[in-house]
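Novice: Heads up: the sequence lines are chains A and V, in that order.
Per this note's numbering, the very first residue in the first sequence carries number 1; after that it's consecutive.
Per this note's numbering, the very first residue in the second sequence carries number 1; after that it's consecutive.
Hints should not be assumed to be uniformly reliable.
[Said to hold, decoys possible] Think about it this way: if two alpha-carbon atoms lie no more than 25 Å apart in a straight line, the pair counts; the simulated SDA-like pairs of lysine to any residue are: (1) K60/A to L48/V; (2) K129/A to R86/A; (3) K60/A to L57/V; (4) K129/A to F141/A; (5) K60/A to R7/V; (6) K60/A to E27/V; (7) K129/A to G140/A; (8) K60/A to E134/A; (9) K129/A to E27/V; (10) K60/A to P67/V; (11) K60/A to F66/V.
[Said to hold, decoys possible] Beyond 10 Å from chain V on every Cβ pair, some chain A residues (computed): (12) L23; (13) I35; (14) Q42; (15) W85; (16) G88; (17) S101; (18) L125; (19) K129; (20) G131; (21) A158; (22) R169.
Keep in mind the hints are simulated off the structure, nothing from the lab.
Beta carbons: idealized from backbone N, C-alpha and C, even for Gly.
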Amino acid sequence: MTNALQGPDVAVNRRPLLAAALLLGVGMGGFVDGILLHQILQWHNMLASQVPVTDLVSAKVNMFWDGLFHAFTWLTTAAGLVLLWRAGRRVDVPWSGRILSGGVLAGWGLFNVVEGLIDHQLLGLHHVKPGPHELAWDLGFLAFGVVLLLVGGALMRAGREDTRARGGRPLRPLHAH
Amino acid sequence: MKRIAARLRATVILALGLMSTGAWACETCRPRVEAGIYNEHFVGRLALTLMPLLVVLCLVALIVGFPWGAGRQGVPGASARRHASREES
Numbered sequence: 001m002t003n004a005l006q007g008p009d010v011a012v013n014r015r016p017l018l019a020a021a022l023l024l025g026v027g028m029g030g031f032v033d034g035i036l037l038h039q040i041l042q043w044h045n046m047l048a049s050q051v052p053v054t055d056l057v058s059a060k061v062n063m064f065w066d067g068l069f070h071a072f073t074w075l076t077t078a079a080g081l082v083l084l085w086r087a088g089r090r091v092d093v094p095w096s097g098r099i100l101s102g103g104v105l106a107g108w109g110l111f112n113v114v115e116g117l118i119d120h121q122l123l124g125l126h127h128v129k130p131g132p133h134e135l136a137w138d139l140g141f142l143a144f145g146v147v148l149l150l151v152g153g154a155l156m157r158a159g160r161e162d163t164r165a166r167g168g169r170p171l172r173p174l175h176a177h
Numbered sequence: 001m002k003r004i005a006a007r008l009r010a011t012v013i014l015a016l017g018l019m020s021t022g023a024w025a026c027e028t029c030r031p032r033v034e035a036g037i038y039n040e041h042f043v044g045r046l047a048l049t050l051m052p053l054l055v056v057l058c059l060v061a062l063i064v065g066f067p068w069g070a071g072r073q074g075v076p077g078a079s080a081r082r083h084a085s086r087e088e089s
């Protein structure tokens, strides 16, 4: 009798989980950039080319723009968590670790590629590691993003085989009685 | 007694550290910092800072909303199971 609920008419809706995973990946990718490259390694700041860090005042001005960038990556991550929570409550969404991890990696890669192209290449707001080999570092950042996109895409494709809802329950139409 | 003395010493050191001028977030340079942030470039810099994230979010919306054909589909193998269950009944 339960099998009757699992037929071609049962919708497998991966989009809620995919949206959550991508947003989490974008947010966490932004945090990796901000925390690792801006704060720990101190290779660059958000507007380092526009406001070069030469003294305490310019460092604090850059700190403000870094903070604003972090605030929006925090909001993106929080939105991803909300979407993940909602996806977990739905009976038509397969609870796939591969789609989640693949989406997170793809979101991180998407962030690297877009941020790298816009901020580093087009606008020149900052470079990954300013100095004699800055182009190589910028291209490496982009290449890392492409690799993340490819690995994430492969994981998401593999996740298409996962067809159980959260808790191992069978998938059901969203508005089934 | 030694533990109390050690804690007292640590508290005094911490208090002195917090009272030192370096911990007061650069009171003297704050007006210059604010002038460096809130000036005629503020809106432009705000747009530049947020632009990559907004572009990424638009791309995410496009990826999730795009009709890939795999977003909604039947459960693999479910059709055969349903057929078998009908035959049994």
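Novice: The structure should be examined with respect to each hint, and the outcome stated for every one.
Specialist: Here is how each hint holds up against the structure:
no.	hint	in the structure
1	K60/A to L48/V	holds (18 Å)
2	K129/A to R86/A	violated (39 Å)
3	K60/A to L57/V	violated (28 Å)
4	K129/A to F141/A	holds (10 Å)
5	K60/A to R7/V	violated (34 Å)
6	K60/A to E27/V	holds (12 Å)
7	K129/A to G140/A	holds (11 Å)
8	K60/A to E134/A	holds (24 Å)
9	K129/A to E27/V	violated (31 Å)
10	K60/A to P67/V	violated (45 Å)
11	K60/A to F66/V	violated (42 Å)
12	L23	violated (6 Å)
13	I35	holds (16 Å)
14	Q42	holds (18 Å)
15	W85	holds (17 Å)
16	G88	holds (17 Å)
17	S101	holds (16 Å)
18	L125	violated (6 Å)
19	K129	holds (18 Å)
20	G131	holds (22 Å)
21	A158	holds (12 Å)
22	R169	holds (12 Å)
Hint compliance for this structure: hints 2, 3, 5, 9, 10, 11, 12 and 18 are not met, and every other hint is.
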